[in-house]
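Undergrad: Sequence:
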Amino acid sequence: MELTTIILVSAFLVLVSLWFTLRKKHPNSLPGPAGLPIVGYLPFLTSKPYKKFAKLAKRYGPVYKVRLGGIDVVILTDYNSIKEAFASDAFMGRPTDSPFEFSEGSIRTGAFTDMAWRDQRRFALRMLRDLGFGKTKMEEHLKDEILELLERMDQLEGSPTKMSDILAPSMSNNIASLLFGRRLKYNDPRRIKLDKMISDVGKIAGSTIWQMFFPLINSILKKLQIGNNGKLTRANREVKKYIEDELVEHEKSLDVNNIRDFMDCYLLEIQKKANDPTTAFQRDVLIDLCGAFFGGGSETVRISVDWLLLICAHFPEVQRKIFSEIQEVLGHDRFPSRADHVNMPYTEAVILEMNRWKTIIPLNLMRYTLQDTELNGYFIPKHTNVLSVVWAVHNDQKLWGTDVEEFKPERFLSEDGKKVLKPDFYIPFSIGKRQCPGKALAEVEVFLYIAAILQRFEVSMPPGKKADLEGELGAGLQPKRQGILFKRRS
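Take 4 as the starting number for the sequence shown in our numbering and just add one per residue.
What the hints contain is simulated information worked out from the structure, not anything from laboratory work. Ideal Cβ placement from N, Cα and C applies to all residues, glycine included. Incorrect hints may have been included.
Restraint-style ranges between C-beta atoms, simulated for each label pair [what the hints assert, rightly or not]:
1) P34 - R124: 30 to 40 Å
2) R62 - K165: 37 to 47 Å
3) R459 - P36: 47 to 57 Å
4) R125 - V251: 19 to 29 Å
5) K146 - V251: 22 to 32 Å
Please take these sequences and the hints and turn them into a complete structure.
TA: So, in structure tokens, the structure goes:
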């Protein structure tokens, strides 16, 4: 019996392999590397798939196809192809097989995976703008948060500190202020619980992401709730329960004459569209949207500030130049504002270069074609997964020069160093119609955090230690956990 099973499985694998090899291809189908039966090219990707994808482009061109597990994925590795694709509605979908669980309302209306995302995005950007998103009102929220962070850093002065531990709660509080209209103190049990839930979802989702490449296995594991699938479901439910509790409180106290936050804005929009059976503005979509804000809006900013402080500790001359601008523009006492970045071009250039050099999101979120289309002369069928490699664009020697591996803020400055030059192919927030909607807030946050921290503290590595600048791919490309020292400036 055992031998018969082995023979049948072996025959099946051979047939599958022959089918992939001999199946009829479209005359304009994409080139790409051959993989193994069942698993495709997954075993060859290494722990830095973005580098592997960039290397494959040298052989197959900037647009090619690779089979990952049981699905074909189109890989985009150059600026022009990504720009052209992401300007087209054909590339605007998201795969339905995601480790993040959406509500029935989100799935039914296609609020995140289909073209209904456009209405959600337009509304979100308009409301965030009305709420002072990226302006003075939001800066006041950020100031309160940063001042508390600085107090905690005072307490840790002289002790090697892993910055992610104190940055994570600060960043999640910023999102809470935006969504719920209030921040929570650092030691508030609700805030501690929220941070743990967000962290758990990110870690567990990362461990199950491979399943999206095996649709049949994915559906079985999700249905049976085996292993990390069960843990992820429970973690997602906890986050949604937290948001649901906030939502209930907002529904009870909603006042059309006193709009407090994003949740209030969305609740009013639900009321306006209550008689429209096709609308994606629904209660459970709001809960999913808030979860997405926390997941995408807190981790990327935390990683950015973490990298910048590590870079300043590793490159003392970079830190000295930033502090020189701080002294000239802010002095010792005035808290920074976003408007100051115009007069601090070197500080701004350091932030831009960090985003290029490390490319925190090296692989863009997966896209999904909504119709048959073409790109670079190649036919791409409907329901195809598409992955853009932002890291490849940010490390393209044709765009940035042969010194792409160096940290060089001057590449974003004019010759006299007084003006910031930001080329079109600088795309850390992606590009096109689904560009990150939180871009404006992220830019404000990162600038204010770095300017305020370096105004008060000098950062350095502990004696005898050297900064490890090799990133680890998790929720984003983040620095390895390592302690840095803070010294209060006189």
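Undergrad: Are the hints correct? Go through all of them and say.
TA: Going down the list of hints, with the structure as the test:
no.	hint	verdict
1	P34 - R124: 30 to 40 Å	34 Å, holds
2	R62 - K165: 37 to 47 Å	40 Å, holds
3	R459 - P36: 47 to 57 Å	51 Å, holds
4	R125 - V251: 19 to 29 Å	27 Å, holds
5	K146 - V251: 22 to 32 Å	30 Å, holds
The structure agrees with every numbered hint stated previously.
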